[in-house]
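Same order as they appear, the protein sequences are chains L and G. The numbering used here applies: residue 1 is where the first sequence begins, and numbers increase by one. The numbering used here applies: residue 1001 is where the second sequence begins, and numbers increase by one.
Since the hints were derived computationally from the structure, they do not count as laboratory data. Just to be clear, a hint being listed does not mean it is correct.
[Said to hold, decoys possible] Distance condition first, Cα-Cα at most 30 angstroms in a straight line; then the derived DSSO-like pairs of lysine-lysine:
1. G/Lys1406 / G/Lys1357
2. G/Lys1025 / G/Lys1333
3. G/Lys1360 / G/Lys1167
4. G/Lys1243 / L/Lys57
5. L/Lys83 / G/Lys1176
6. L/Lys83 / G/Lys1360
7. G/Lys1176 / G/Lys1070
8. G/Lys1167 / L/Lys78
9. G/Lys1406 / G/Lys1428
10. G/Lys1167 / L/Lys57
11. L/Lys38 / G/Lys1227
12. G/Lys1332 / G/Lys1134
13. G/Lys1192 / L/Lys38
14. G/Lys1176 / G/Lys1134
15. L/Lys57 / G/Lys1398
16. G/Lys1333 / G/Lys1134
17. G/Lys1407 / G/Lys1389
18. G/Lys1004 / L/Lys78
19. G/Lys1420 / L/Lys83
20. G/Lys1025 / L/Lys57
21. G/Lys1357 / G/Lys1096
22. G/Lys1176 / L/Lys78
23. G/Lys1176 / G/Lys1245
24. G/Lys1428 / G/Lys1052
25. G/Lys1176 / G/Lys1428
26. L/Lys38 / G/Lys1070
27. L/Lys38 / G/Lys1412
28. G/Lys1373 / G/Lys1245
29. G/Lys1398 / G/Lys1420
30. G/Lys1428 / G/Lys1360
31. G/Lys1134 / G/Lys1004
32. G/Lys1025 / G/Lys1227
33. L/Lys78 / G/Lys1194
34. G/Lys1081 / G/Lys1412
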Amino acid sequence: MNSSGEITQTSSSASSSQPATATEENIVSVEERLYLAKYKLDERPHLAIYDQAVCQKCAQINGSPQPCMRLCPADVYKWEDGKRNIVSYDNCVECGACRIICPYTNIEWTYPRWGRGLSLRYG
Amino acid sequence: MPEKFDVVVIGAGPAGAAAAITTAKAGMSTLVLERGDFSGAKNMFGGLVFTKPTAEIIPEFWKTAPMERKIIEYQYWLLSKESHVQVSHRNQKFVKDFNSFTAFRARFDKWFAAQAESSGATLLTRTTATGVLKDSTGKVNGVSTDRGDINANVVITCDGANSLIAKGAGLHREWKPQDMAIAVKETYSLPKDKIEERFNIRGDEGVALMIYGGREEEYAGFVYTNKDTISFGLGAIMSDLAKTKSQNMPMQMLEWLKSHPSVQRLLDGAALREYTAHLIPEGGYNSIPPLYTDGMMVCGDAAMLVNALNWEGTNFAMFSGKFAGQTAIAAKKSGSGFSASRLAGYQAYLEDSFVLKDLKKFRDVPHFIASHKHFLTLYPELMNDLLYKFFEVDGRAKEEHLKEMKKELYSKRGRLGLIKDAIGLYRKVLS
Chain L
1 MNSSGEITQT SSSASSSQPA TATEENIVSV EERLYLAKYK LDERPHLAIY
51 DQAVCQKCAQ INGSPQPCMR LCPADVYKWE DGKRNIVSYD NCVECGACRI
101 ICPYTNIEWT YPRWGRGLSL RYG
Chain G
1001 MPEKFDVVVI GAGPAGAAAA ITTAKAGMST LVLERGDFSG AKNMFGGLVF
1051 TKPTAEIIPE FWKTAPMERK IIEYQYWLLS KESHVQVSHR NQKFVKDFNS
1101 FTAFRARFDK WFAAQAESSG ATLLTRTTAT GVLKDSTGKV NGVSTDRGDI
1151 NANVVITCDG ANSLIAKGAG LHREWKPQDM AIAVKETYSL PKDKIEERFN
1201 IRGDEGVALM IYGGREEEYA GFVYTNKDTI SFGLGAIMSD LAKTKSQNMP
1251 MQMLEWLKSH PSVQRLLDGA ALREYTAHLI PEGGYNSIPP LYTDGMMVCG
1301 DAAMLVNALN WEGTNFAMFS GKFAGQTAIA AKKSGSGFSA SRLAGYQAYL
1351 EDSFVLKDLK KFRDVPHFIA SHKHFLTLYP ELMNDLLYKF FEVDGRAKEE
1401 HLKEMKKELY SKRGRLGLIK DAIGLYRKVL S
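Okay, chain L solo, but in the shape it has when bound (with noise of 0.2 angstroms):
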């Protein structure tokens, strides 16, 4: 066994400016939300698409966002320039929805390694 997980990076700390309150006026963006939690990055991405083809067909059949951008809750999934997905693996939250909901099983899905990732102070 090796112990390089030992090595951390700390991507998105704690934000300990002003908290949002829940208010009507005041939507919190995704981005605002995750900056709340502990967050270590695992350098090399955990969530990939297999063939950005294969989105592109989604999109022509399922229309956009296609179905991994309406479930993520975190939008890791953004469709750019109406040809690729791009991945911001380090928004995720570790859910697995997208994986389910792929119609053509085209997201590579795996656990960040050594402890990375979303660390919850509640959960």
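Given the coordinates of chain L, assemble chain G onto it according to the supplied hints.
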């Protein structure tokens, strides 16, 4: 670390910790693998744990377990656009003898896994299991991880809702979107006295609130009181949500629910502390995968052991973990290995308990709800309309109101539909 363990448990959530406590206490060498920074770091749930089943796993757990509030009142809200109908039950019996309590996974699971360690199990965190190892006969005899391979006589996989290990081992295929709910949850901080005032509670008393209706998409919402925070969220069946062609439906629905005038008051002025999401396996009995194979058992969410009807998952996880542990102990005692036939006792344990009895009893409910969408959409709206008309005083005779109410009921669902629904509900849920 030894070359080989009697038992390797994958995942230190409620199922995994219960399994490890059981086998470690019986003297089996037990290793628990946890992919998070600590046990619970990756786990999320709505917020309720039931007392009695938990006490069967850990007697007098309340002396040390990190609990938030003891629930003395259960509420159901049925929403319409700007109103709600509430059914609630508060009872002094719950004050004297608490039936359930709120908790946070990141704290409770950490504590629970520590119980496994003090029972003699070894906990290895920050280690992700990537698959199982098999011998030449196909029997599972170890686990591959991101830190190397580990050998085991028997593997108990409690790797959660995604169930990647059982899938990788060939026990089942990918879950179906209609069997899975996606849940999003926010944790808000609010001063203790405000929470107590808002929910009419004191000391360590708490309220659990379930919310349905008010929009076209089916969902189930929740508000749970904690010490100085409020858990707020909702879950919806994935295949339903995917029909709406817009970005990030779970968060959009959460925002909508939060802006509902009745709900908004509960969270007013509270500060957002955490946002996250998790899957809930809600397929019920008919979608439970094979629970064991040569050298391996599957527990908790990974085996779809969730009763969505009663919001029960944690207890099912704990009990399935305990049963898997007991099965491993019996197999070791028999001295004839951990083949599938030696692990069949695991399923028997589950069938004899409330876990599979409850799931079997309500086996048709997920399908029934799926084919009766109006239960969670039309009926809440109807009830709100009817009660509004019932309470409204506008100078007309009450008889006219009653006529209108009847007319609305029959026009929106029809007499036959109403009767069919009543019979269906009785047959599937109550009989």
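>> Run through the hints listed earlier and report the numbers of any the structure violates, in increasing order.
In response: Hints 1, 6, 7, 15, 18, 19, 20, 27, 32 and 33 are the ones this structure does not satisfy, whereas the remaining hints hold.
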